[in-house]
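Colleague: Take a look at the letters that make up each chain.
2 protein chains.
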Amino acid sequence: MIDFNALFKISYGMYIVCSGDNKSGNGFVSNTVFQVTSEPAKFASCCNKNNFTAGIIEKYGCFSVSVLPQKTDAEMFGRFGYKSGRDFDKLEGMNVKYGKTGVPIVMKECIAYLECKVVQKFDVGTHWIFIGELVDAEILDGSSEPMTYSYYHQVKKGAAPKNAPTYLDKSKLDISKAPVESALYKCSACGHIYDEKKEGVKFSDLPDDWKCPVCGVDKEDFIKI
Amino acid sequence: MIDFNALFKISYGMYIVCSGDNKSGNGFVSNTVFQVTSEPAKFASCCNKNNFTAGIIEKYGCFSVSVLPQKTDAEMFGRFGYKSGRDFDKLEGMNVKYGKTGVPIVMKECIAYLECKVVQKFDVGTHWIFIGELVDAEILDGSSEPMTYSYYHQVKKGAAPKNAPTYLDKSKLDISKAPVESALYKCSACGHIYDEKKEGVKFSDLPDDWKCPVCGVDKEDFIKI
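Just so you know, the sequences run in chain order A and B. Just so we're aligned, residue 1 is where the first sequence starts under my numbering, counting upward by one. Just so we're aligned, residue 226 is where the second sequence starts under my numbering, counting upward by one.
What the hints contain is simulated information worked out from the structure, not anything from laboratory work. Hints may be right or wrong, so weigh each one.
With a cut-off of at most 30 Å between alpha-carbon atoms, the simulated DSSO-like pairs for lysine-lysine come out as follows [said to hold, decoys possible]:
1. 395/B - 97/A
2. 325/B - 170/A
3. 274/B - 444/B
4. 274/B - 97/A
5. 342/B - 162/A
6. 170/A - 211/A
7. 83/A - 162/A
Negatives, chain B to chain A, calculated, CB over 12 Å [claimed, not checked]:
8. 308
9. 333
10. 376
11. 382
12. 421
A short, non-exhaustive set of chain A residues, derived as facing chain B with CB atoms under 7 Å [as the list claims (entries may be wrong)]:
13. 2
14. 13
15. 167
Cβ atoms here follow ideal geometry from the backbone N, Cα and C, with glycine treated the same way.
If we strip away everything but chain A, and leave its shape as in the complex, we get (with noise of 0.2 Å):
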């Protein structure tokens, strides 16, 4: 039987991708990127195909990567990894750069940003592989550590979004599934923690619009602990 609590200990950076111009743009939380080769520079970003974002790299043949610190606020993740660029302008109010390609980076907690040219695209089934050629790169900041995926989810306390290559299913974890009197749930996003007991209402009679009071992710991204 395969143990998907193996599938952790593939490590992975934290970054926000964007792509579009200074008119259209929309960025997601991602941990798939990577190069994949040295001459030239190329790296990859694997992105779902029903992401918002997937069709802008399409449209506009290029994406920048913003690399995230350990210490990058709750608040990122609820917007650019649990929210549809469909519902909101997630770059309004952001501090943002337009690379040469005219592509957007997002510049708030950046402490590296990667700029890519896509020259090709791979279908992997749910997923695309957009390959870039590196047009610019610079860093902000070289004293801050790169957040990893595995500080994301054992410090952080985080768990990537369905759409993401990484979700796991938990009921594909062996952990033991026992009923609980008063239970606790915790937020996918920002890691906070509702506690029935204390709250006094159980999380089942919440609202379905009830959202995370720490950084306003939906309810239905929260899970039983």
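Could you slot chain B onto chain A? The hints should help.
Modeller: Chain B only, in chain A's frame:
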């Protein structure tokens, strides 16, 4: 101007990727293994076309990924990272098991492994991206931290070999290149320092077949520091 130092902010793990069977197998050190889809679970492995293992993956249609821990012995990088399986049998005397597909899986130092059946192959120039569907996964040591490329680079003082997707020509980095009277040379594999002053022999005067006394890699894999 592109600041190539920014590329070190992209996070990776460190793995031994193997292919073949119990008669003919080989493996190499890789930092570019990552999940690309969740349903079904598929993984990408990026491999230089000149790597001996690349042809073996093509022939056998499978690969294994052994996750290395932070405490990985330098000898493993010397054996799997800086030498070619064309010259000797890397798996000889190694603790190996054979997976469901028959693929060799390096168990020495391994804290978890994945086994994949190749379903796609993409050409990205100097490298192939092999896409493999997960057929098995196991955790062997849940308490050890996986080694990251950043840890290998910063703590172990290791560098990527020339065939790696993340190989970086040092001349691209903005570092001082002032001449020195007596120089230090660092082993890219294990971090061993050759000190000309202490040894009394200039590094350039060492014979061409000189090897790192610690991990055994070739003279050409030392970098002047």
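Colleague: State for each hint whether it applies.
Modeller: Okay, the hints, checked on the actual structure:
Simply put, residue 395/B and residue 97/A have alpha-carbon atoms about 29 Å apart, close enough for the 30 Å limit, and the pair holds. Restraint check for residue 325/B and residue 170/A: the C-alpha separation of about 25 Å stays at or below 30 Å, so the hint holds. Restraint check for residue 274/B and residue 444/B: satisfied, since their Cα atoms lie roughly 24 Å apart, inside the 30 Å limit. Restraint check: the Cα-Cα separation between residue 274/B and residue 97/A comes to about 37 Å, which exceeds 30 Å; the hinted pair is violated.
Simply put, residue 342/B and residue 162/A have alpha-carbon atoms about 24 Å apart, close enough for the 30 Å limit, and the pair holds. Pair hint residue 170/A plus residue 211/A holds up; C-alpha atoms about 22 Å apart against a cutoff of 30 Å. The suggested pairing of residue 83/A with residue 162/A holds, with an alpha-carbon distance near 11 Å, which does not exceed 30 Å. A cut-off of 12 Å between C-beta atoms confirms that residue 308/B is not in contact with chain A; the least separation is 20 Å.
Residue-level check passed: residue 333/B sits 16 Å from the nearest beta carbon of chain A, beyond 12 Å. Not every C-beta of chain A lies more than 12 Å from that of residue 376/B, the closest at about 9 Å, which undercuts listing it as non-interface. Non-interface call for residue 382/B relative to chain A: holds, since the shortest CB-CB distance, roughly 18 Å, exceeds 12 Å. In this structure residue 421/B is separated from chain A by more than 12 Å, as the shortest Cβ-Cβ distance comes to about 29 Å.
Nearest Cβ of chain B to the Cβ of residue 2/A: about 5 Å, under the 7 Å cut. The hint holds. Checking residue 13/A against chain B by beta carbon gives a least distance of about 3 Å; that is within 7 Å, so the hint holds. For residue 167/A, the suggested interface contact is upheld, since its CB lies about 4 Å from the closest CB of chain B, less than 7 Å.
Violated hints, listed in ascending order, are 4, 10; each of the other numbered hints is respected by the structure.
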